[in-house]
Every structure is written in structure tokens, then in C-alpha cells.
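2 protein chains.
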Amino acid sequence: MHRFSICLAPPSLRAYDTGVEPAGRKKPTMPLLVMKFGGTSVGSPDLIRRAAGRVAAEVARGHDVIVIVSAMSGETDRLSGMVSETSALFDAREYDAVVSAGENVTAGLMALTLQEMDVPARSWQGWQVPLNTTSAHSAARIEDIPTGNITAKFAEGMKVAVVAGFQGVSPEGRITTLGRGGSDTTAVAFAAAFGAARCDIYTDVDGVYTTDPRISSGARRLNRIAFEEMLELASLGARVLQTRSVELAMRYKVKLRVLSSFADGDGDEATGTLVCDEEERMESNVVSGVAHSRDEAQMTLVSVADRPGIAAAIFGPLSGAGVNVDMIVQNIAEEGRTDMTFSLPTDQVPRAEKALRQAKTDGNINFHDLIADVNVAKVSVVGIGMRSHTGVAARMFEALHAEGINIKVITTSEIKISVLIDRKYMELAVQALHDAFGLEKAG
Amino acid sequence: MHRFSICLAPPSLRAYDTGVEPAGRKKPTMPLLVMKFGGTSVGSPDLIRRAAGRVAAEVARGHDVIVIVSAMSGETDRLSGMVSETSALFDAREYDAVVSAGENVTAGLMALTLQEMDVPARSWQGWQVPLNTTSAHSAARIEDIPTGNITAKFAEGMKVAVVAGFQGVSPEGRITTLGRGGSDTTAVAFAAAFGAARCDIYTDVDGVYTTDPRISSGARRLNRIAFEEMLELASLGARVLQTRSVELAMRYKVKLRVLSSFADGDGDEATGTLVCDEEERMESNVVSGVAHSRDEAQMTLVSVADRPGIAAAIFGPLSGAGVNVDMIVQNIAEEGRTDMTFSLPTDQVPRAEKALRQAKTDGNINFHDLIADVNVAKVSVVGIGMRSHTGVAARMFEALHAEGINIKVITTSEIKISVLIDRKYMELAVQALHDAFGLEKAG
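Protein sequences appear in the order of chains Z and D. Plus 727 on top of the position in the first sequence (first one is 1) and you've got the numbering used here. Plus 727 on top of the position in the second sequence (first one is 1) and you've got the numbering used here.
With the rest of the complex left out, here is chain Z (with noise of 0.2 Å):
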């Protein structure tokens, strides 16, 4: 079947994609592409040459291209270090102020690179776009991207912007940061504001796997993804782009391309997996992939009075203690009382300890034993296909099972099934699932 025959690409671009022009017309214009490169990728003015060279090449395809450029590995840290050691509780303006300074440092030596290969190029820091967010600083949110300053320049002959990534500026005119990842957010709202035809993430993997590599000998890189799918994939603990940027893409229909800086090819032949629609997805297997998250733990409520409102009574301490509650599982215990247990980050135990025996010295709850168990891990399968195919979740248990897996609690979404489980076990159950659901072999 031809790949390419049912994307979603205009008829420009369809003559692009076959490297067929069609005889006796105007080379048709090409369309506007986002390239971003992270932090791994620009670290050097060797690597941001390489990187350079990959914008270069889409230029002389005849794309116009605006490129989102990461601080250099290392300098957000250092800079948001120095911040730390000035001042504990600093000023996030101040600290916004400071960290952008790495991204337009990356922002100009590209810009600069790209003219030293003879590609009118120039940079753009957040305010001169401009990229105006809220004014929750350093976790902005973006409120728009007008297009008429770096269209005009376009428009004047200029064939890439160099836009600082994770900055903007906000109403009252200071600078303002998206938030750690945010360049992959401000990549997807430019392709967004831009209807570029796709947005490119250059990082230092190359593309989304079927589960880790480094636990299952048998992962394999996916060419698509669904947008849904990637969703549960990055909040499940795939650090391959930023959640926000998933569900920016998902809003706006951004054709978003995970690959790495670091491979052979560019262009369309380009290895990598391509994010994009439901119906895009080429691959048919059910499960797309197995996800793990180490840093889990698991506290029981032993002997809970049972009462309506127990639940709100229980979790709405932890929540107002910023615990971050993920899977609960309620057993009934005796007459009248409860076993409640739920799992959350590991490093959220003590709060949630000290939030719990409070809400019990207050007399709002009332349990026999609190027991926090760290030494859990969780593991997922994912796919959009288990929307439509049923029997997932037996196979999930059995393959478990097999190899003597004891599940100690279970979630479920419309694509992904989660179970909480010993962390000695984590890497033998994703293997098992890996090989359970046949994903060392494209669907």
C-alpha cells in the first residue's frame, strides 16, 4: 500500500512527496515547515552546524522554515542554578528574565550559522514575534502568535526564523517561560499559527518505541502514532516531548515528526515516528506500546470507616496537600469498614503521611493502620485499538500471570490499561507484555 496516498497533505505537497512535478506548470510553492531542535542537538556550535545543515537542506527544497532552538544542554540548568543561589523563593519574573537568556544565545549562533551557508536567516526572541502568554511565569500559558512580523519577512525574502524556544512575553511586557519541555510547546503552536505542513522534533532519540529499549532487546521504533496514544505514552514517563505539545498538536491537527538529530536522511526520508490522527495511523496492531514508571508508590488506608463522603473525606486532604493521586482500588474489608488504597509519586509519601494522620487528629477520617509500600512500579499498555477490540485486558492479566506476577491495583482509560505491580518485576512484565502483544513486529 502507498504510504502516502491517503495523508492529508494538499496537492503541493503531494507533488513534493513524489519527487514528481507536474510537466509544463510553475513549481508549486512549497509549504511552510517548523523544525525544532533540543537542547542535546544545539550543544555546540558544531552540533548547531549539523543541525544547521538539516535546515539548509529543507530550505533548498524549497521550503520556507521557522526553526525553534532549545538553550544548550547544560545552560538552562546553570542558569536557573545561579538563580537558585541568589534566591530560594525567587521572583519567577527574575527568574524568567534570566533562564530565556539561553535560548537567544542558541537563537543568534543559528541564525548566524544559517547565514554562513548562504540562507537569509534571522533570529527572534519571544518579545520581537511576538509569542504573548498569560503572565503565570515560568509556566506561561500561550495565548497567540500573530504571524505579520516574520510573514513580512518572509514575504521580504527571508527563507528561515530562528525563534528562541520556552519564552514569550506577557500583557504587562516582561518575559515570561513555558515551563521545562516548553520549546516543544512553542514549536507546535507555531506550526499551529502558521499551518505549517509539519513540525519537526529534532532530539537525541529517534522517535517513539514500542517500550524502552534498554529493558526489551525486542522495541521497536514506531513510524506512527496517534495523538491519543502518544498522550498516555508521555504522561506515563516516555520523556520524548512535552505533553502539552501533544495535546496542542491534537487541538490544531499539527502533523508532529519525533526524530533524531543524530540520524542519517532528512526531508520526507527522514527516519522517525510521525504523531499525527487516528486515521492516519497506518499500523494496526491493538496495543501500540508497553510503558513503565519506576517512581510509584503505594499507600493503604487499612480498616477505613466506611461512609458516604469517605472518598471526598480521604482525597481531598491529599489534594490539598499537591499529592498527585493516580490509581485507587477500594476493598471491602469487614462490616462497615474498608481497605483504601492508592498509588502516587514516591517522593510524595511524606506529604501525603503527614496530610492523612492530620485529617485523623481532626477527626474527618478514621483508619487502624497507614502503610506506604515504595518498592512498586507501574506498567501500561497502550492503543488505540482497544477501543474497538476487546479481550485486551485478559491477555494483559494471563501474560502477567504466566510468570507469577501478583497485580496489586488496576486502572483503565478508553486506549490503556495500567496495573501497579512489584518493581522486581517491572522489567520481566514489560517484557512479557512486549512479547504478549506481538510488538516486536509492525501490525
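Be careful, since some hints might not be right.
Listed next, with one range per pair, are the computed distances between beta-carbon atoms [to be verified]:
no.	chain 1	residue 1	chain 2	residue 2	range
1	D	Ala-879	Z	Asp-773	41 to 51 Å
2	D	Gly-801	Z	Ala-866	26 to 36 Å
3	Z	Thr-874	D	Glu-1141	53 to 63 Å
4	D	Gln-1057	Z	Asp-773	50 to 60 Å
Covered stretches of chain Z (in silico footprint by chain D; criterion: 3 or more residues with CB under 8 Å from a CB of chain D, positions within the stretch not fixed) [said to hold, decoys possible]:
no.	region
5	998-1005
6	1031-1038
Reference excerpt, derived from the structure (chain Z facing chain D, CB under 7 Å, subset only) [unchecked claim]:
no.	residue
7	Pro-772
8	Glu-812
9	Ala-824
10	Gln-842
Read the hints as simulated data drawn from the structure, not as lab findings. Where a beta carbon is used, it is the ideal one built from N, C-alpha and C, also for glycine.
On the provided structure of chain Z, position chain D as indicated by the hints.
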């Protein structure tokens, strides 16, 4: 004599100077101060804390303060090094975008440090003020500093505006820089725009000396120096203040003080050198200082055919080649021929030779020989008192003659006499002149 009695301080400052508040009256409003800290004064978070302590002390005295900061020492070199590594003939607009990052970091860290000391402070980047400049990137001139934004924040209770020095914004909305040492100029421009009572330049030396203390042990710090004298000293190689900043201070009558970040004392008690109007000078020495410049060369065109227009024929091509000719002397050698001698920076000798030999080849000038001597130095005496005192030149030549030092070339201005001598005698000449004019004693 009471030193402050002839100061141009407004009444409110005079009460402050004497530490006496008029009885039964409301404490007068303190005038605004500008304090500028150079790279060595903000080279680490610890040093920034030390500098912030000086600012906090002025705030405690009741002043609003505008602080101008340089990049941490070494940072501008690091950033400009990356630019040069990226591109030999770089786009100055991108250079400015990159190197301005250094001052942005320091401004944010200084604001945070002041906040830690409970001083309401915030940072301002050049474009936020805005500090409007020409579009001459990397050597931009300040056009205008609207005071509205910062004044409004002072009115809301901000006590310190920390401004990133060295940078501004062009009419096209791009970041500009003012050239090396531009933070001095930023500071003086803010002092002029805001009508500051004083502009304190904190650096790693504690003021302006009668001569280089490394050469003459009798070198003495001047309490006051006139703008004109400072200008002559600045352009003669006493690298304390950027020449442009002194010009600007003179034009706008900004009280400029140079002092050390590392010395004790602050406020009006701090020792340093005040650069001020001639009539504010208290010392009566005819000569204020002895300057020297080591990087001088002398070139002689031997036996040039003398004719009307010959000077233009020689110095036109030199100017065209970007050679900065300083001193010029012409000796009649024989009938119809002349020797022409001039001084120039050592590193411009090859360029000058090439230009002159080309002019000879082109038939525009005719000379027998071209001799370059790179083993010369320039020594100058500077003093505003020379305007009204005669005999300074005679005393200078006598002192050099007594040491057996031969004078090669002489130039004079209204307040300066410079001589070119063999470089090996430079230190001896400086010491002899320092003694001859009695500079070890205050006048």
C-alpha cells in the same frame, strides 16, 4: 576649606551631605542616583551580593536608584567567542542578540539579590525601558531614553530599577549594543535622562590617578578631575572610563564618580574620583596627570618631494586604509624635499606601509625611503590649568632633557602636551614628569 560648600547640590542634597536635617520639617525627597557596576564587580553571585549591599545602603539613605550592570566578567568574551567561532564576518545584528544575553542574566540576578535584602527591585532589559538607539549594530548611539515606564514603577514603590547595560533597541525593534565599555555610556545616559544627583561608576580601581601606580610609586588618586582632563586621559589609554561616557557626562553636566567596588565606605563617604565641571575642581595643580601609551609606532617618509597638497596625498590613502594617524611632524630636509614623520598604533603599521607603497606605485607620492619604528611610546601631561599657565612645555622638556631622554615628536592641545620617545625610556619619563610637576602632593 569646606569641600561641599561650592557643590552644585540642590538644597535637599545639602541637608543630606551634612547629615543635618532641618528641624521641624518633613524629610526632603532624596534625589535619584545611578550606580553602575562593571564586570569584575558582578563576576559571581557573591560579588553581586556585595554590590547589592552598596545599593541597599543608598536606598536606606532614602534614594531611589537606577543600577546599571555589565555582564559577569569573562561572559561577553565567551559569547563573542562563540559568535566568531560560528562566523568570521558575522551579521552584527545577530552578534548583538547573542552578546546582550550576558547583561540580561546579571540584571535578573541583581534584582533577585536586592529582593532577598527586602529592597523592592526589578530588572529591565534595553527594549523594556526602552533605550532607543540608532541601527548601527555593535556601535549604536543612544537616541532617547523615555523615562515614563521606570518612573511609573518608582511611583508604585519600586526602589531600584536594575537595567542591563550595553544594550538598546533599534527603530526596527532589534537588539543593539553600544560597543565595548558601553555600560559606562548607558549609566551616564540614564543619569542625564533622569536628572540623577550623581552617577557612580563602580569598577576594580578606586579612581583616577595622577599616573599609573605600577610605574610611579608617587602616583596619587585624584579627588576631582575636570571632564576635559578625563577625556584626554581616557583617550590616552587610562582605561577607567569609556571616552563616550565622559563626553556625554560633560554635555549633560552629569556628576560622574569613579570608585572601587572592593574598597570600604559608601554614599558620599566613599573615596574615589569625581569627574566634574572645571569650576568644581578644588585642586590647583597646573598639571593633573601623566598618561602613557605603549602601543605606539612611528613612521617616517624620507625625502618626500615637497609640493602643495603633499600632506593630503600622504594622509588621504592612510585614512582610506583605516589608519589612525595621531602625531605629525614635518622636517625640511633639503631644497624641495621634506621628511614626514607620524605616529600610529603599532598594529596598523602593515596597513600603513601597504597604503603608502601603493600610493608611490600609483605615482601620487614620491619618497626615497619608508622607515617604521615600533619601539616608541607616547607620554603626555594633562591639566586644565595649562590654559592659564605658561611654561608647562618648557618645564616638561627640561625634565626629560635632565634624564637624557630624546624627544622625537611633539603635539599639543589646549590642555595637553604629548611627546613620542624611545619606548625603553617610557617609565623613566613618566616618573620624571610626575616629580617635575609635584603630582605626589595634592595641589
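Going through the hints against the structure:
{"no.": "1", "hint": "D/Ala-879 - Z/Asp-773: 41 to 51 Å", "result": "holds (46 Å)"}
{"no.": "2", "hint": "D/Gly-801 - Z/Ala-866: 26 to 36 Å", "result": "holds (32 Å)"}
{"no.": "3", "hint": "Z/Thr-874 - D/Glu-1141: 53 to 63 Å", "result": "holds (59 Å)"}
{"no.": "4", "hint": "D/Gln-1057 - Z/Asp-773: 50 to 60 Å", "result": "holds (55 Å)"}
{"no.": "5", "hint": "998-1005", "result": "violated (count 0)"}
{"no.": "6", "hint": "1031-1038", "result": "violated (count 0)"}
{"no.": "7", "hint": "Pro-772", "result": "holds (5 Å)"}
{"no.": "8", "hint": "Glu-812", "result": "holds (5 Å)"}
{"no.": "9", "hint": "Ala-824", "result": "holds (4 Å)"}
{"no.": "10", "hint": "Gln-842", "result": "holds (6 Å)"}
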